[in-house]
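Participant: Sequence:
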Amino acid sequence: MTLGALAVSGRPGLRAPYLEMLRDMPHIAPPYPYRDPVSGTEAANRLEAAILEYGPEKVAAFIAEPISGASLGAAVPPEDYWPRIRQICDQYGVLLIADEVLVGLGRTGNGGALSIGRCSPIF
1 MTLGALAVSG
11 RPGLRAPYLE
21 MLRDMPHIAP
31 PYPYRDPVSG
41 TEAANRLEAA
51 ILEYGPEKVA
61 AFIAEPISGA
71 SLGAAVPPED
81 YWPRIRQICD
91 QYGVLLIADE
101 VLVGLGRTGN
111 GGALSIGRCS
121 PIF
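For the sequence shown, our numbering gives the first residue as 1, with consecutive numbering after it.
The hints are simulated quantities; they were obtained by calculation from the structure and are not laboratory data. Where hints are given, some of them may not hold.
Said to hold, decoys possible - Derived DMTMM-like pairs (lysine to aspartate or glutamate); straight-line CA-CA distance at most 20 Å:
hint: 1; residue 1: Lys58; residue 2: Glu48
hint: 2; residue 1: Lys58; residue 2: Glu100
hint: 3; residue 1: Lys58; residue 2: Asp90
Work out the full structure: start from the sequences and follow the hints.
Facilitator: Rendered as structure tokens:
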């Protein structure tokens, strides 16, 4: 994993030894109904709050796994999560980057896992 990828990673255990070398990137909590029983829309609204906190002019992209891989054990977000994320990104001109390394390439039965969340990528 590169330092750039590690900077945006949400895995504190991997980041800890390198914190002094990493840029400080804001993170939001992922949708995880087991520990955080909020709707997908409420979980997605954390992104909008973060964008407004840091300033839309300072946020270039939102990077996330459509289905959490190793960190949450293949947790599928609520159906309303990704459509709201797409709406927020479009509203603020933020690039949506779906990290589909673990769940893409047909592993979910579709071409990409993001399509499960009824969210269309922009290529």
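Participant: Could you work out which of the previously given hints the structure breaks and list their numbers from low to high?
Facilitator: Violated: hint 2 alone.
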